[in-house]
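Asks: Spelled out, the chains give:
Number of protein chains: 2
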Amino acid sequence: MAGSTGLKFGQHIIPASTTFLRTSLSFALVNIKPVVPGHVLVCPIRLVERVKQLKTEEVSDLFITAQRVSTVVVSCFKASSVSIVVQDGREAGQSVPHVHIHILPRILGDFLNNDDIYQELQRHDKDLLESQHRTIYEMEREAALLKPMFHSDS
Amino acid sequence: MAGSTGLKFGQHIIPASTTFLRTSLSFALVNIKPVVPGHVLVCPIRLVERVKQLKTEEVSDLFITAQRVSTVVVSCFKASSVSIVVQDGREAGQSVPHVHIHILPRILGDFLNNDDIYQELQRHDKDLLESQHRTIYEMEREAALLKPMFHSDS
Numbered sequence: 001m002a003g004s005t006g007l008k009f010g011q012h013i014i015p016a017s018t019t020f021l022r023t024s025l026s027f028a029l030v031n032i033k034p035v036v037p038g039h040v041l042v043c044p045i046r047l048v049e050r051v052k053q054l055k056t057e058e059v060s061d062l063f064i065t066a067q068r069v070s071t072v073v074v075s076c077f078k079a080s081s082v083s084i085v086v087q088d089g090r091e092a093g094q095s096v097p098h099v100h101i102h103i104l105p106r107i108l109g110d111f112l113n114n115d116d117i118y119q120e121l122q123r124h125d126k127d128l129l130e131s132q133h134r135t136i137y138e139m140e141r142e143a144a145l146l147k148p149m150f151h152s153d154s
Numbered sequence: 001m002a003g004s005t006g007l008k009f010g011q012h013i014i015p016a017s018t019t020f021l022r023t024s025l026s027f028a029l030v031n032i033k034p035v036v037p038g039h040v041l042v043c044p045i046r047l048v049e050r051v052k053q054l055k056t057e058e059v060s061d062l063f064i065t066a067q068r069v070s071t072v073v074v075s076c077f078k079a080s081s082v083s084i085v086v087q088d089g090r091e092a093g094q095s096v097p098h099v100h101i102h103i104l105p106r107i108l109g110d111f112l113n114n115d116d117i118y119q120e121l122q123r124h125d126k127d128l129l130e131s132q133h134r135t136i137y138e139m140e141r142e143a144a145l146l147k148p149m150f151h152s153d154s
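These protein sequence lines are chains A and B, in that order.
Once you know that position 115 of the first sequence is 115 in full-length UniProt numbering, the rest is easy, because the numbers rise by one and skip nothing.
Once you know that position 37 of the second sequence is 37 in full-length UniProt numbering, the rest is easy, because the numbers rise by one and skip nothing.
Treat the hints with care, since some could be wrong.
The list makes no distinction among identical chains, and a pair is therefore deemed to hold if it is satisfied within one copy or across any two copies.
To be verified - Think about it this way: if two alpha-carbon atoms lie no more than 27 Å apart in a straight line, the pair counts; the simulated DSSO-like pairs of lysine-lysine are: (1) Lys-33 / Lys-8; (2) Lys-33 / Lys-55; (3) Lys-52 / Lys-78; (4) Lys-78 / Lys-55; (5) Lys-78 / Lys-147; (6) Lys-33 / Lys-147; (7) Lys-78 / Lys-33; (8) Lys-78 / Lys-8; (9) Lys-52 / Lys-147; (10) Lys-147 / Lys-8.
Simulated from the structure, these hints should not be mistaken for lab results.
Make the full structure from the sequences, and use the hints.
Replies: Take a look at the structure:
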């Protein structure tokens, strides 16, 4: 993916090879430490910390993109449901100060208690041990799998 | 609120007096058993079970409404953050088969572990004991508090 430009995700620069959809105002990326298979993120391109700071057209584009992405990951990862979560602010568990939507494909019995997934999500956001991160190769492979699933502006 | 028409929320008919915002495609209602103060719901007017079934203009209106509502409840309930959650499908914890966004104002230390809120959310959706429900009077009072906070089409 030489020549592709990375995108800002809070303080991080996300390699273009780990993103799989880009619209005029939003982008979608695979996760460095997914809580469930197919756990991906959708973000506004503009670096905005809180949902209330998003312009109307950004909210619209962001969630239309989230709808597209959730439909694709549910299908790709053979899930039946999806948890769509925004931790808007530190007290809601937000760790990266850039609005992002967690898209979490769900299958029956994936967690002993259905909502244990959120405890994993909390650990996911706090635990920055690099040893638990996926390799760039694994991430690129997943992005390359997802990218062709979008027909237009990816 | 005599004369106001109720709205469908899955199998339920929601009294208009417990709703506080209505747009062309969405509405917002107070909760019969809030998990935190100010826990409200935003729904599409059309009875659609899953996010993928929503038309583009419905997704757009729904989340623009959710942005407006979350900004107001965070302010009204003196919160600092907000959890925005869609349980899209049974395996994600959805109990009422009608798309709905949970808007949960958050304050520092509201739960011992930040994400225990989701366990409460799960209990909230499953536990239908009427003894734990708020009275219609409490719900109407909260809706009447929130309604004037929206400038236009409520």
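Asks: Which numbered conditions among the earlier hints are violated in the structure presented, ordered from lowest to highest?
Replies: Hints 2 and 8 are the ones this structure does not satisfy, whereas the remaining hints hold.
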